[in-house]
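Chemist: The residues making up each chain are set out below.
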Amino acid sequence: MDFLTPTTWADALAAKAEQPDAVPVSGGTDVMVEINFDRRRPPALLDLTRVPDLREWTHDDDGRVRLGAGVTYARIITELGRTLPGLAMAARTVGSPQIRHRGTVGGNLGAASPAGDSHPALLAADAVVEVASVRGTRQVPVAEFYTGVKRNALAPDELIAAVLLAPATGPQQFCKIGTRNAMVISVSAFGLALHPGRRAVGTGIGSAAPTPRPADEAAAFLAGELDAAGLWESRGPLPEGLAAEFGHRVRAAAAPIDDVRGTAAYRLHTLSVMARRAATWAWDEHRGADARRAA
Amino acid sequence: MTTTETSTRTSGGIGESPLRPDGRLKVTGRFAYSSDLWHEDMVWGVTLRSPHPHARIVAIDTTAALAVPGVDAVLTAADVPGRNATGLEHQDTPALADEVVRYEGEPVALVAADHPETARRAAARIVVTYEELPALTDPRRALDEDAPQVHAQGNLVREMHIRRGDPEPTAPVVVSLEFEVGMQDQAFLGPESGLAIPDGEGGLDLHVATQWLHVDQQQIQGVLGLGPEQVRLHLAGVGGAFGGREDLSMHVHASLLALHTGRPVKMSYSREESFFGHVHRHPAWLRYEFGADHDGRLRYASADILFDGGAYASSTGAVVGNGGTLGLGPYAIPNVRVDARGVYTNNPPCGAMRGFGCVQAAFAHEALMDELADRLGMDRVAIRALNGMREGDRNITGQVIDSAAPVAELIGIVRDLPLPAPRAEVDLRELPGGVSNTTHGEGVVRGVGYAVTYKNVGFSEGFDDYSTARVRLELTGGEPVATVHTAAAEVGQGLITVEQQICRTELGVERVVVHPKDTTVGSGGSTSASRQTYVTGGAVKAACEAVRTTVLARATELLGRTGLHLDGDKVVSATGEVVAGLAEVLADGGVEETVEWRHRPTHPIDPETGQGDAHVQYAFSAHRAVVDVDVELGLVKVVALDTAQDVGKAINPDAVVGQIHGGSAQGMGLALMEEIVVTDGHVRNPSFTDYLIPTILDMPPMQVEVLEYADPHAPYGVRGVGEPPTISSGPAVAAAVRAATGKALRRVPLRPEAITGV
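Order-wise, the sequence lines are chains A and B.
UniProt numbering puts the first sequence at residues 1 to 295.
UniProt numbering puts the second sequence at residues 1 to 758.
Since the hints were derived computationally from the structure, they do not count as laboratory data.
Hints should not be assumed to be uniformly reliable.
Claimed, not checked - Some chain B residues flagged as far from chain A (calculated, every beta-carbon gap over 10 Å): (1) M42; (2) D374; (3) G634; (4) I696; (5) D698.
Claimed, not checked - Quick look at which bits of chain A chain B covers, simulated, 3 or more residues with Cβ under 8 Å: (6) 11-24; (7) 165-179.
Don't be surprised by glycine CBs; every beta carbon is placed ideally from N, CA and C.
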């Protein structure tokens, strides 16, 4: 097995172009498990930890956070907790402290597992994945990035450069079901973001379909109901039953299976509950922000 | 110089908690476990395992594997020089499968190569032609006439019948239930590993992590066709055991490869292989009925208990023995019927695990005791106190409980311990789901549950249960130093420290060297059944006493005085006068004594009535669990798990509490999350990703009340400690979840699906 060690982004892209079957590795929390279990023996590993650009986050010209693919979950929690609250909440549920100090959002996207913890938060926040190759750079909306079970939209010569996320303009929530209280792979997960500026709701479902996916119909429903009642402006309480109905619609967007971690029925049930609770918490926070501003 | 002293106390003796020698090394990551063993000339062994739960081996072609550069040997059953059979109770387990495989993961062939990766690749090139056979995977069908036969002698491993009192009892209040317990794994952190080193003369030295060196030695020599002096075992660093190292794993395989290649062979399982490499706790199906008077006093109890033993017997017979004789819990019951069975299936083999047959039963009898209390409108603690055994009672096999049986006191203590405060503000870490942020208090209901248990200590039913200790007292650098040598395995519980403490107390010396554990001294018996502090502790104490007697005899001769005794490191006259130092008496050479020590004999039970004095000692504990359940999502946070246990005498109080903490966590794990999921004979979750054990965010801090009612029949009054906490904690947690949800919940682990009813 070759071990490629580029030290610049240009070299990394060149290496990937030259050897498209090289598997990129950053934190190694997923790739190395596969290799140790002998489930995967790629002809080459492309080590991205020596490329400094990937390990930084900056603001782009549009004011978005440009999160380098190699930024760890631990840094997202400590440095971006206020800017990207949904992603930070998801990051807190990833593995153990050791894993959070190694694992990266770029790796989560590269693996594209339906159970990856960051996906529901990225979907809810309308994140954009910046991918690059020697041919150039393109931006892929995250909802289009997941193409199948553990498959993504990358061409063989492409690498994930960064994730672009607008700073939160409203409350965000992330919830995840696991059968123990820490260090657990999700049985189901849900991400929610309120975007009051554009009167929109963002959603993301994890571990309950072949890919992470948004619950667009549910999101449009909730945003529309809030709009129709003038609640975005008035910040009045949620109408009775609205959060529950939102939960039902989120549930309807999922297509889970039975597996050793949980049944499909339980996954559907929990999505409904999580979506209802997350919507309630987010709206309460939205209202509270107004109350604080008034005071 | 002559002085008089009333008493010298040696520090670090029994009743204190001296630091254990392995403690600092373990927490700093420097302790050498068996997987760290290394030899300059070693090669690596790997195992090829069956993918099928039941199949005939038609042919094995090793040609391609042998052709891989770097491969030293490929072995199959045809290469076994001795008898291809191992096993703790029945020699029914081939070292390598011969003609038939009976479970997924059964070892079929071995490869030795210069690198583990090379060995694995070569193993993948072994071509085994299987003809699949119908698999028996539902133990409830094992005794049906048309069930597939796992072994020629039939599918019954053992059945036990206990009959006591009125054969057709009646009672005004009758409750019954059915309960099911899933397959728990020991989940020790150090995978199976060891190093076999051939001696060039046809024998070998095997360094291995295990629980009983001598019973391993017996089995290995049989397979190798060697004498006991040719197979020498040495205990390597053990990373946890919990019963999972009682059966052989890689021991015999590394030995076979070492003899065949003439080179040292190391084997070390991966985590995934470990799930296939050792036995698990028996899943169980239990049907119970209690009949009681209106005041709550039990009139009768009946139980049918079925254990799935899997493909080979392992300890299934003894587990049936425990499940039967102890399966109704620590209650005084005049009329009893128990039928317990263990059967063969094509599921993974099951055997010893902490709590050994009592764990499964306790979930059933404690759930039914709650049911009875509720039916009668009685308090759940009061009904246990009312029916709890007392010293002098007879248990269900007719044996008199001849030392403390403080059931009522223990359950009363846990009831009266302070309860956790109600949740004040939202801290996700304190809520079900933790930082996964599934509730801020919505749907969360608190429940409290209680459970009591009793467990036999030591081996039972007439087994010749002994331990051997060799103690040497000599001068080193002018100071008296004791060396204690036993073959009793230290598996993390702290036995080495206990051996040192006993020597200090008995011989008055500060410095005690613990000789490495090996088979050059007699058997120490198994490190299981909560028995080592009792039995090996007893042997060390007796060996120290023998040394003392010899020392005093020598002092008598040397000094020409009689009536001498040892006080600390002084020889003291009958009048209390110090007449010599220990060093003076030892100046002419050391004193060494070896003692084989037995506890009181136990007896087989009557095969028809199940009556008899089956056990040597009983240990009692009680737990109170407080849980917060998110009843909408089925997630549980154990808020408190408090316990009281009678340990007879705490030889090392810190270690006692450590055992109680660990045992309680393991029992809670079975109640809430730990299960090997087996479908059609295939294990679906052989990893720590999907076999979940509790983390620090699942286990609350504990209040532990330790009672010390000395057992007059045991050395220092000790009572086994390690297992009771594992037995009573799980049922208390399950009871608390039932209390919070109002659901019956008759299967553990309690899956979120079951708690929510989705």
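Chemist: For each hint, tell me whether it holds in the structure or not.
Modeler: Tested hints:
Every CB of chain A is more than 10 Å from the CB of M42 (chain B) (nearest about 21 Å), matching its label as outside the interface. Distance check for D374 (chain B) against chain A: the nearest CB is about 28 Å away, which clears 10 Å, and the non-interface claim stands. At roughly 8 Å from the closest C-beta of chain A, the C-beta of G634 (chain B) falls inside 10 Å, breaking its exclusion from the interface. The beta carbon of I696 (chain B) is not kept farther than 10 Å from every beta carbon of chain A, the shortest such distance being approximately 8 Å.
In this structure D698 (chain B) is not separated from chain A by more than 10 Å, as the shortest Cβ-Cβ distance comes to only about 5 Å. Requiring three or more residues with a Cβ within less than 8 Å of a Cβ of chain B, the coverage given for the segment 11-24 of chain A is violated, as only 0 such residues are present. Closer than 8 Å: that is the beta-carbon criterion, and the segment 165-179 of chain A has 7 residues meeting it against chain B, so the requirement of 3 holds.
Violated hints, in rising order: 3, 4, 5 and 6; the structure is consistent with all others.
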